[in-house]
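Fit chain B to the known structure of chain A by using the hints.
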Amino acid sequence: MTCEELLKALNDYVDDETMVAVCQEFAEHLVGCNPCQVVVDNIRKTIRLYKDGEPYPVPPACAARMRDALREKWKAVYPQSTG
Amino acid sequence: MSLGKHLGWSVPPGWVGYTCPATLAFNLMNSPTSPLVDPDREIVRRAQAGDFPAFEALVERFQTRVYGLAFRMLGEPHDAEDVTQQTFLSLVEHLRDFREESAVAAWVLRIAANHALKLLRKRRGLPTVPLTDTSGTEEGYGDVPHPEFIAPWQDDPADLAERHEIRELIDRALADLDEKYRAVFVLRDVEGFSIQETADLLGISEANVKVRLLRARLTLRERLTRVLGDEAARVFPDHQHS
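Protein sequence lines correspond, in order, to chains A and B. So in this note's numbering, spot 64 of the first sequence is number 64, and the numbers just go up one at a time. Start counting at 1 in the second sequence, then tack on 83, and there's your number in this note's numbering.
Each hint should be verified, as a subset may be incorrect.
Keeping only pairs whose Cα atoms sit at most 30 Å apart, straight-line, the calculated DSBU-like set for lysine-lysine is [to be verified]:
(1) A:Lys51 x B:Lys201
(2) B:Lys201 x A:Lys75
(3) B:Lys263 x A:Lys51
(4) A:Lys8 x A:Lys45
(5) B:Lys205 x A:Lys73
(6) B:Lys263 x A:Lys8
(7) A:Lys45 x B:Lys263
(8) A:Lys51 x B:Lys205
(9) B:Lys205 x B:Lys263
(10) A:Lys51 x A:Lys8
(11) B:Lys263 x B:Lys201
(12) B:Lys201 x A:Lys73
Calculated from the structure, these hints are not laboratory results.
The following block holds chain A by itself, in its conformation from the complex (with noise of 0.2 Å):
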């Protein structure tokens, strides 16, 4: 494989190494090549820092402001409503 095929196999491969025939290919290539297998690792793990990160808590008089201008708009949006 080119590098250009490599990359391009390099998205569906850390996507699920199971789905793409391409990764077939891509996966012999691993076999021999323990910088992509590296890159391949370095990337899942990249993702599951962002993904599994903590997260951004709303900052408190954002909530509050928010929940005052989302009642307004719901008493003009839905007038008869309850609560």
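The following block gives chain B in isolation, referenced to the frame of chain A:
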């Protein structure tokens, strides 16, 4: 990793491209867009009937996630606050339009993503929408940056995520990404939208989503690995670029 492999199942010989049923089912049930198992539908139905406390419960359920999506896409807390408020105001207005074709989470996050993208475009001050490829041209893999610093990470992401300085590192790395790559990474890898959904949200082709996603992943990988990688275990590619 395939769930089946994790459970010790093997792919039948010659079944290239096979995805085991367990993985399919797991992905279907846990995707943010899956309508199959959606605990939020009852809350939405009550809100649609005019129950404001139910709507407040919906806000409570999603505001952190919406704020997180907006903050990652925009990089500015005040902009993230604006998008969060706009998202839930939109929900009030369009609550009765939700017809349960998708999971509630996907619907809410899609609205949030659209508001975040509008703000990104407004920031650029351009009448057109440069995040989209109005020219219809496909972006190529030819100039995607090749990995340079290649080394295994010394720590597991689960341990890294708890460290304050790592949070600053990953926030800065994401904020420094070009907006069009950042948007794809946040929508696809962080929020779990599919390639097709990401393409629809951004108004670009699926092929361009994949190229931008690769750029984002490789850029972030490079940046983070230079800090988190084990220098002593650094490796170098042994194949020539072609």
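Under the criterion that the straight-line Cα-Cα distance not exceed 30 Å, is the pair lysine 8 of chain A, lysine 45 of chain A satisfied?
Distance ~19 Å between lysine 8 of chain A and lysine 45 of chain A Cα, so the pair holds.
Exercise. Quickly compare the C-alpha distance for lysine 263 of chain B and lysine 8 of chain A to 30 Å and report which way the hint goes.
Key: holds, 19 Å
- Task: Please work out if lysine 51 of chain A and lysine 8 of chain A have their alpha carbons no farther apart than 30 Å.
- Result: Status holds; Cα separation ~23 Å.
- Pair hint outcome, lysine 51 of chain A versus lysine 201 of chain B [Cα-Cα no greater than 30 Å]: The hint holds at about 23 Å.
30 Å limit on alpha-carbon distance, applied to hinted pair lysine 205 of chain B and lysine 73 of chain A = Cα-Cα ~24 Å, so holds.
query = Regarding the pair lysine 201 of chain B and lysine 73 of chain A, is the alpha-carbon distance no greater than 30 Å?
reply = holds, 21 Å
For this session: For the pair supplied as a hint, lysine 263 of chain B and lysine 51 of chain A, confirm whether the alpha-carbon distance does not exceed 30 Å.
Result: holds, 19 Å
Q. For the pair supplied as a hint, lysine 51 of chain A and lysine 205 of chain B, is the alpha-carbon distance within the 30 Å limit?
A. Given that 30 Å is the threshold and the Cα spacing comes to 27 Å, the pair holds.
| query | Straight-line Cα separation of lysine 45 of chain A and lysine 263 of chain B no greater than 30 Å? | reply | holds, 22 Å
Given the hinted pair lysine 263 of chain B and lysine 201 of chain B, is their Cα-Cα distance within 30 Å? holds, 13 Å
Check whether the Cα positions of lysine 201 of chain B and lysine 75 of chain A lie no farther apart than 30 Å.
holds, 27 Å
Q.
Check the hint pairing lysine 205 of chain B with lysine 263 of chain B against an upper bound of 30 Å on the C-alpha distance.
A. holds, 14 Å
No hint from the list above goes unmet by this structure.
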